[in-house]
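**Student:** The lines below spell out each chain.
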Amino acid sequence: MHAFGQILKTETKLYLRDIPTLVLTVLLPTLVLVVLGLIPTLREPNPDFENQSFITYFTPSLLVISLAMVGVNALPTVLATYRERGILRRLATTPASPLALLAAQLVLSLAGILASAVLLAVVARFAFDTPLPQHPLGFAAALILGTAALLALGLLVAAVAPTAKAAQAMAIPVFMVIMFFGGVYLPRVLLPDFLAEIGAYTPPGIQALLDAWTGTAPQPLHLGIMAVIAVAAGAGAAKLFRWE
Amino acid sequence: MAVIEVTNLHKRYGETVAVDDVSFSVTAGEIFGVLGPNGAGKTTTVECVAGLRVPDGGGVSVLGLDPRRDATRLRQLVGVQLQESQLPDRLRVTEALELYASFYRNPADPARLIDELGLGAKRNTPYEKLSGGQKQRLSIALALVGNPKIAILDELTTGLDPQARRDTWGLIERVRDSGVTVVLVTHFMEEAERLCDRLAVIDQGRVVALDSPAGLVSAVAPEQRIRFRPSAPVDDRLLTELPQVTAVTRSGTQVVVTGTGDVLHAVTSVLARNQIIAADLRLEQATLDDAFVELTGHRLND
Chain B
1 MHAFGQILKT
11 ETKLYLRDIP
21 TLVLTVLLPT
31 LVLVVLGLIP
41 TLREPNPDFE
51 NQSFITYFTP
61 SLLVISLAMV
71 GVNALPTVLA
81 TYRERGILRR
91 LATTPASPLA
101 LLAAQLVLSL
111 AGILASAVLL
121 AVVARFAFDT
131 PLPQHPLGFA
141 AALILGTAAL
151 LALGLLVAAV
161 APTAKAAQAM
171 AIPVFMVIMF
181 FGGVYLPRVL
191 LPDFLAEIGA
201 YTPPGIQALL
211 DAWTGTAPQP
221 LHLGIMAVIA
231 VAAGAGAAKL
241 FRWE
Chain Y
1 MAVIEVTNLH
11 KRYGETVAVD
21 DVSFSVTAGE
31 IFGVLGPNGA
41 GKTTTVECVA
51 GLRVPDGGGV
61 SVLGLDPRRD
71 ATRLRQLVGV
81 QLQESQLPDR
91 LRVTEALELY
101 ASFYRNPADP
111 ARLIDELGLG
121 AKRNTPYEKL
131 SGGQKQRLSI
141 ALALVGNPKI
151 AILDELTTGL
161 DPQARRDTWG
171 LIERVRDSGV
181 TVVLVTHFME
191 EAERLCDRLA
201 VIDQGRVVAL
211 DSPAGLVSAV
221 APEQRIRFRP
231 SAPVDDRLLT
241 ELPQVTAVTR
251 SGTQVVVTGT
261 GDVLHAVTSV
271 LARNQIIAAD
281 LRLEQATLDD
291 AFVELTGHRL
301 ND
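So the protein sequences, as listed, match chains B and Y. Take the first sequence: its position 203, counted from the start at 1, is 203 in full-length UniProt numbering, and no numbers get skipped. Take the second sequence: its position 5, counted from the start at 1, is 5 in full-length UniProt numbering, and no numbers get skipped.
Don't read these hints as lab results, they were simulated from the structure. Idealized CB from N, CA, C, for every residue including glycine. Check each hint, because a few of them may be wrong.
[What the hints assert, rightly or not] The calculated lysine-lysine pairs, modelled on BS3-like cross-linking and capped at a C-alpha distance of 27 Å, are:
1. Lys135/Y x Lys13/B
2. Lys9/B x Lys129/Y
3. Lys165/B x Lys135/Y
4. Lys122/Y x Lys135/Y
5. Lys135/Y x Lys9/B
6. Lys13/B x Lys129/Y
7. Lys165/B x Lys13/B
8. Lys122/Y x Lys9/B
9. Lys165/B x Lys129/Y
[Claimed, not checked] Under 10 Å between C-beta atoms, here's a sample of chain Y residues computed to sit facing chain B:
10. Leu52
11. Arg75
12. Val78
13. Arg90
Produce the entire structure from the sequences given, and follow the hints as far as they go.
**Tutor:** Shown next, in the form of structure tokens:
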């Protein structure tokens, strides 16, 4: 336990020292929100967005940015780098388990996503009058399951990528798909219905996040799919993971 | 007392035999060298000793324990410095040592270790800003921070400049003098000759010789050659009568005496008795390099 505490402490310091990653994972969604929020028309209620402002409609999609950044970009890159540089292997020669390092990375990823979500919700609430998630329990469930699905996908990439470069090459298409179906590139109302529908089932499950934010309980099917993805990708990662 | 015993170790990767048949034992308190060309099976051998790989055949015993079955206990007792293992760029020297110290039950004091390894001025420097020699010293420090009984150091000085290499050698001798048994993997002749109390020479997965560096040299090439220009004519018989001398030849004004044992002393004494001064005196001895060629039929770093 002493070793895990020290690993977590060390990894936290390293995470906080990596300013570009910190900005991309924690601050980017809120920065995009603030920039878009400076455009007056985007703050006005609009019938296209169920009489919400575009800002309010778009906020849950912005959350997808940090989920995708952390889950399929930062996490696999860090782990693949650690493997490539022999850090995991060296750890295997000590009484500490490389699993402790993996666990510490997951804790940090989770913390980054939570920090990003809280920051986004608070700024949206106080700067742009976007209500906080109206179905807190449903939102928590959607966020946790969506995060779990993405982290598991990230671990799967980390498991099979021999180098950091390979991890990034594999992560980019996954990242684009997640961002596209999460409605980050194009607001989902502009997508054809069937594409918008697919987005409900691709991690992190934007439909469940949207429903919960606006006050509807997320559909069990949407949440269930995320749980299945998390378990399947997690099991695949556990089976394929190599320390060297 | 043997702290490591390797008997008939065999390890293959697919069709490639990395270690064919390797046996040796390491005595407590010595610097034991594993010397051989790249790809000879040195690293695989020590990885089996460190419990990182499972042998396909043969036995390994470390401090009386099995590296695989008793891995948890052995990791407290054996410090390992792996070839080409790095640290995160932004990790600072003190942080790295404190992190690794937290893994062990009876760790060394990180601050003291930092001073001992000459990293005092660099304690708050991130890994990426360290020089090659400093990175290597930090890596050695990490292998020692658990107060191990055995330290396994793989290709310790590869990529270091000559000064950093010599500094590292001094450091390893101090580690041995503090009571730690050191297993040193190397493909540098000079390093093996200077540092190791005993050596296993490994070539193509087999131990071809096992002795002290001087023992290896005298076993394969016992002859020494003395060249000098005498200040007055020398009668060959003066020299050939000496029991240590095996041959006397001349090349121009030079006399070349070949012999064994303390031939140098015998020759200089007899010259002195006859008031002959040996100018440009030179002693040629076989090196470990020559011994290696003799043992394996090829040079080490080809």
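**Student:** Are the hints correct? Go through all of them and say.
**Tutor:** Going down the list of hints, with the structure as the test:
A hinted pair counts as satisfied when its Cα atoms are at most 27 Å apart, and Lys135/Y with Lys13/B qualifies at roughly 20 Å. Restraint check for Lys9/B and Lys129/Y: satisfied, since their Cα atoms lie roughly 22 Å apart, inside the 27 Å limit. Proposed proximity of Lys165/B and Lys135/Y is supported: the alpha carbons are some 24 Å apart, at most 27 Å. In summary, the hint linking Lys122/Y to Lys135/Y is supported, as the alpha carbons are separated by about 11 Å, within the 27 Å threshold.
The suggested pairing of Lys135/Y with Lys9/B holds, with an alpha-carbon distance near 22 Å, which does not exceed 27 Å. A hinted pair counts as satisfied when its Cα atoms are at most 27 Å apart, and Lys13/B with Lys129/Y qualifies at roughly 17 Å. The hinted pair formed by Lys165/B and Lys13/B meets the criterion: a straight-line CA distance of about 23 Å does not exceed 27 Å. Our distance criterion of 27 Å between C-alpha atoms is met by Lys122/Y and Lys9/B, whose separation comes to about 21 Å.
Distance check on the hinted pair: Lys165/B and Lys129/Y sit about 22 Å apart at the alpha-carbon level, within 27 Å; holds. A least Cβ separation of about 7 Å between Leu52/Y and chain B falls short of the 10 Å threshold, and the interface hint therefore holds. Evaluation of the Arg75/Y hint against chain B yields a held restraint, the C-beta minimum of about 4 Å falling below 10 Å. Annotation: Val78/Y was flagged as interfacial toward chain B, and the flag holds, the nearest CB pair being 8 Å apart, inside 10 Å.
Restraint check, Arg90/Y versus chain B: the minimum CB separation of about 5 Å is within 10 Å; hint holds.
Hint violations for this structure: none, all hints satisfied.
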